Amino acid sequence: MNCRQVRARFSELLDGRLSETERRLVASHLEECWSCAAACEQTRRLRETLRKLPALAPPPELTSALLVMASRERARQLAWRTPQALAGHLADRLRLWAENIMRPVALPVAGGLVSALILFSMLVPSVLFLRSPGKDVPLVGLVQEATVATPAPFGFEAGDFTLEVTVDRQGRMVDYSIAEGHRLIENPRLRRSIENYVLFTGFRPATAFGQPVYGKVTVSFRRYRFDVGS
Amino acid sequence: MTSRILEADNSESVTAPGQEEPGEWDERKLLEGLRQGSEEAYEALIRQFQQPIYNLVYRLLEDPSEAGDVVQEVFLKIFRKVGSFRGDSSLRTWIYRIAVNQAYNHQRWFNRHRRQEVELEGPEPANSGYSHKIPDRGPSPFDCALEHEQQALIEAALARLNPSFRAAVVLRDIEELSYEEIAEILQVALGTVKSRIQRGREALRRDLAERLEPEPTYGWTPEPAQ
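These protein sequence lines are chains A and B, in that order.
The opening position of the first sequence corresponds to residue 218 in my numbering, with each subsequent residue numbered one higher.
The opening position of the second sequence corresponds to residue 9 in my numbering, with each subsequent residue numbered one higher.
These aren't lab readings, by the way, just hints derived from the structure by calculation.
Mixed in with the good hints, there may be bad ones.
Said to hold, decoys possible - Below 20 Å or equal to it, Euclidean Cα-Cα: the simulated SDA-like pairs (lysine to any residue) are:
hint, chain 1, residue 1, chain 2, residue 2
1, B, 89, B, 39
2, B, 89, A, 296
3, A, 269, B, 169
4, A, 269, B, 159
5, B, 37, A, 288
6, A, 269, B, 184
7, B, 85, A, 282
8, B, 85, A, 294
9, A, 269, B, 163
10, B, 89, A, 285
11, B, 85, A, 290
12, B, 89, A, 286
13, A, 269, B, 164
14, B, 85, A, 279
As the structure is a computational prediction, the values presented were derived from the model and not from experiment.
Construct the entire structure; sequences and hints are all you get.
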């Protein structure tokens with residue numbers, strides 16, 4: 218064997234993997250070749266030193282992380298064995314998820330609710346007692362119809378008829394319709410007289426819960442005749 | 009010298025089958041426990057393999073500070089795939105194969121992404137990994153210092169080694185696995201394992217000889233005092 222062949226077999230020689238014949242051939246070469254023997258000795262020492270390298274201790278947090286991971290993976294593995302276990306596992310995950318979601322929200326929500334309640338309870342009495350007793354709206358008859366407040370200070374001559382007058386929130390006539398006596402109204406002159414009369418009549422607006430609203434009032438006109446005996 | 013060289017070490021694995029250390033689980037029992045979801049089996053797996061896997065990954069990565077993360081990835085893969093482990097190889101070989109593959113994957117990812125990043129604090133000192141090594145109070149402080157220096161140099165030389173050779177040398181000389189186990193772990197032919205171990209050791213020897221030795225011969229390792 219030449220030096221190249223021998224050097225290619227150093228590792229197998231040191232690891233005891235050469236056949237007896239090869240070992241003898243290498244050994245006889247090493248007896249004669251000082252350079253190969255030195256290289257082989259260096260390789261042997263290197264091998265020994267590598268074997269003596271200290272074991273590196275894993276960081277302590279790695280052990281904890283691995284144990285946590287093992288626990289989680291074991292639970293996951295067990296969960297997939299039966300439908301019941303899977304359902305329990307999913308329920309646990311859901312519960313944990315819900316807790317994780319709710320926990321950060323729970324305190325602010327509870328605080329906000331309590332604050333709102335306190336503020337509300339402080340403000341409500343002041344709002345209630347602001348109203349003066351004299352202007353209270355009676356609870357009975359919450360809706361009142363519009364009525365005539367003051368008739369117009371003049372009259373006119375016509376037959377019997379009835380108007381339906383629409384009154385706004387300020388007590389003013391905004392529209393009217395003839396409910397009875399159409400024939401008499403056909404006279405334009407008479408109609409103007411009627412409209413003037415209604416315009417100058419004061420109305421009391423209809424109310425709903427104390428607030429003035431649009432409403433309608435029915436006004437009937439009847440002709441009176443006074444016979445004076447002669 | 010030659011006679012000492014020829015006293016070859018034939019013990020290829022640290023523990024022969026059936027000779028587990030106290031507290032260690034038999035491989036079959038461990039595998040069964042893992043498949044059944046036994047808590048003790050999970051803990052035993054971590055206890056038995058955490059340190060060797062950490063050591064292996066630490067030495068295969070160019071940035072050892074990533075070793076912890078890679079070890080977690082390795083164990084996650086073990087936990088998730090143990091159910092489909094067919095037993096074609098031993099559990100130990102299978103676990104080491106996962107570790108080597110994971111370290112290579114991480115290294116590839118590191119080369120693609122992280123290598124371009126610049127650390128604000130600057131690189132860690134080369135021997136920082138020894139700050140948490142398991143203490144041994146036996147030898148004198150001088151011996152410790154000398155040994156520490158020597159170990160740091162070897163670790164640095166290992167880190168400079170070609171990754172393929174480094175994996176083979178680490179698995180053989182530090183993890184003390186057999187050639188056959190290494191072939192299974194690295195998924196290469198036995199001849200390739202022999203070649204990688206030989207070439208890795210030779211490259212290491214040359215590197216150390218060039219850096220340490222003022223003399224042209226093999227005096228880079230001090231002789232222990234008699």
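Consistency of the hints with the structure:
1. For the hint pairing residue 89 of chain B with residue 39 of chain B, the CA-to-CA distance comes to about 12 Å; that is within 20 Å, so the pair holds.
2. Under the criterion of a C-alpha separation no larger than 20 Å, the hint pairing residue 89 of chain B with residue 296 of chain A is consistent with the structure, at around 16 Å.
3. For the proposed pair residue 269 of chain A and residue 169 of chain B, the alpha carbon gap of about 19 Å is at most 20 Å, so the pair holds.
4. Distance restraint check for residue 269 of chain A and residue 159 of chain B: the Cα-Cα separation of roughly 9 Å lies within the 20 Å cut-off, and the hinted pair is therefore satisfied.
5. Taking the CA atoms of residue 37 of chain B and residue 288 of chain A, the gap is about 19 Å. The hint holds against a cut of 20 Å.
6. Using a Cα cut-off of 20 Å, the hinted pair residue 269 of chain A and residue 184 of chain B holds, with the two alpha carbons roughly 11 Å apart.
7. Between residue 85 of chain B and residue 282 of chain A the alpha-carbon distance is near 14 Å, which keeps this suggested pair within the 20 Å criterion.
8. With a C-alpha separation of about 13 Å, the suggested pair residue 85 of chain B and residue 294 of chain A falls inside the 20 Å cut-off, and the hint holds.
9. Proposed proximity of residue 269 of chain A and residue 163 of chain B is supported: the alpha carbons are some 12 Å apart, at most 20 Å.
10. Using a Cα cut-off of 20 Å, the hinted pair residue 89 of chain B and residue 285 of chain A holds, with the two alpha carbons roughly 18 Å apart.
11. Note on residue 85 of chain B and residue 290 of chain A: the hinted pairing holds, with a Cα-Cα distance of about 10 Å set against a maximum of 20 Å.
12. Distance hint between residue 89 of chain B and residue 286 of chain A is fulfilled; the C-alpha atoms sit about 14 Å from each other, no more than 20 Å.
13. Among the hinted pairs, residue 269 of chain A with residue 164 of chain B is consistent with the structure: their alpha-carbon atoms are about 15 Å apart, no more than 20 Å.
14. Using a Cα cut-off of 20 Å, the hinted pair residue 85 of chain B and residue 279 of chain A holds, with the two alpha carbons roughly 16 Å apart.
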